[in-house]
Every structure is written in C-alpha cells, then in structure tokens.
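A.B. asks: So the protein lines, in turn, are chains Z and S. The working numbering numbers the first residue of the first sequence as 1 and each following residue consecutively. The working numbering numbers the first residue of the second sequence as 1001 and each following residue consecutively.
Think of the hints as simulated: they come from the structure by calculation, not from any bench. Note that CB positions come from ideal geometry on N, CA and C, so glycine has one too. Careful, some of the hints might be misleading.
As the list claims (entries may be wrong) - Just a few of them, taken from the derived set where beta-carbon distance is under 8 Å, the chain S residues facing chain Z:
{"#": "1", "residue": "F1034"}
{"#": "2", "residue": "S1043"}
{"#": "3", "residue": "I1093"}
{"#": "4", "residue": "F1109"}
{"#": "5", "residue": "P1111"}
As the list claims (entries may be wrong) - Sample of chain Z residues facing chain S (criterion: CB under 7 Å; computed from the structure):
{"#": "6", "residue": "P43"}
{"#": "7", "residue": "Q97"}
{"#": "8", "residue": "G104"}
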Amino acid sequence: GQQLNQSPQSMFIQEGEDVSMNCTSSSIFNTWLWYKQDPGEGPVLLIALYKAGELTSNGRLTAQFGITRKDSFLNISASIPSDVGIYFCAGQLPGAQKLVFGQGTRLTINP
Amino acid sequence: GAVVSQHPSWVICKSGTSVKIECRSLDFQATTMFWYRQFPKQSLMLMATSNEGSKATYEQGVEKDKFLINHASLTLSTLTVTSAHPEDSSFYICSARDLRTGGMNEQFFGPGTRLTVL
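If we strip away everything but chain Z, and leave its shape as in the complex, we get (with noise of 0.2 Å):
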C-alpha cells in the first residue's frame, strides 16, 4: 500500500533547541495533517494542510505543504519538555477518504 517517509525517527535534544522532521512520498496528495501522540493516547492534531506551497503555524510549530505536493515538513521551535512524543504526518490521495500514516518520529528532550 501507500507509505509515506517520515524521517527521523527518533530525535534527542536539548530543551529549547529548534526541531525539525519531514514526509515524503512519491505520489501526490491533496491534503497533509501533522499529529502528536502521547503514550496511551490518541493522536491530537497540531496543523492541517491542504495547498500546495501552504505555510501554517499553530504557536511554535509551523508546517509546509510541499510545492510538489509530495513532501510535508513540520519545525518545533525552542522546544520545550511537554513537546516530548511521537509526531506523525499523515496524507490524504486524491478522491480517498482515508489518510496515509508516516512511521512517525520520536522526540525525547534532554532537560
């Protein structure tokens, strides 16, 4: 089935550093959504997408929608020890109902 490419993924840095993690795939999608999910939890969504070339934030993240429509890129800026989780990017394909998952990545903070 469809997979999307979601690097890195695990990620460990320092409290307040800039964060920074992609998807890509080889097919075109129409919309991108990027989710945080905390351990036992479902995933929460942070920012949705659904123009090529979009620029969005949502406090100190911000995501793009790939000008090619195959790429989706997601910055936590000076992180902080709650942004700790797992971050997925998930597509939706052109006429589907149902959204394609990263593998998601894992970001540990080191206080």
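Could you slot chain S onto chain Z? The hints should help.
C.D. replies: Chain S alone, transformed into the frame defined by chain Z:
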C-alpha cells in the same frame, strides 16, 4: 470542539469472549469514522472505514467477521472484536471526520482503547 470519546479506555477479557468498543463524536456529526489498530512503537494501521448507515469498508487482510463495525448514527460507531484471542491484544483507536469541514479531511482521534486478551 471536535472531541471524540472512546469507551472503555481499557479492557481485559478471556480468550473466546467478545468485546465491544464505542466511539462517539461529542460535539459534531461524523459521517465517516475510522478504526485503527496500533502495536507498540509502531504507526497507526487502518482497519476499516465506517460510513453512517452503510456497511463498513475493511482494509485488505482485516477479517470483517472478526471485527464487526456498526455505525448506526452520526455520532456513534462501534467495533466488536468477536471470539477474541491473545493476538488481538492491541491499542484500538477510532477517528471521526467532521461533517462541517465538508471536503476537508481533518480526522479527530479518540483517546484509544487498550485491549488485553488473556
């Protein structure tokens, strides 16, 4: 807004019994709900897409007679794991698509249900 609940949050059952998990959209109407399964340290695996008033669409490899899905209203979908076995132990998560967003595909997730089959 866009809150999704799941019940129960965790369940332990004996092998051979059936377990029902409920997924509710609390403050919006959801024409479509999705059921996922997640193994430890892995991504979400879509099991089925549930449309209100019609039969669910199952992903390849998911047994429809094993995982019964009912979407009887715009706010409730249920997943029943029939004749559960230890290999069915997993974290089950539902999501719902907000009717108000029209063609947008934002999915809002429930908190998940941890199923342990002894």
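A.B. asks: Does each hint fit the structure? Answer for all of them.
C.D. replies: Verification of the hints:
1. F1034: 7 Å, holds
2. S1043: 5 Å, holds
3. I1093: Holds - the Cβ of S:I1093 comes within 8 Å of chain Z, reaching about 5 Å at its closest.
4. F1109: 4 Å, holds
5. P1111: At about 5 Å, which falls below the 8 Å cut-off, the nearest Cβ of chain Z leaves the hint on S:P1111 intact, so it holds.
6. P43: 5 Å, holds
7. Q97: 6 Å, holds
8. G104: 5 Å, holds
Violated hints are absent here; each numbered hint is respected by the structure.
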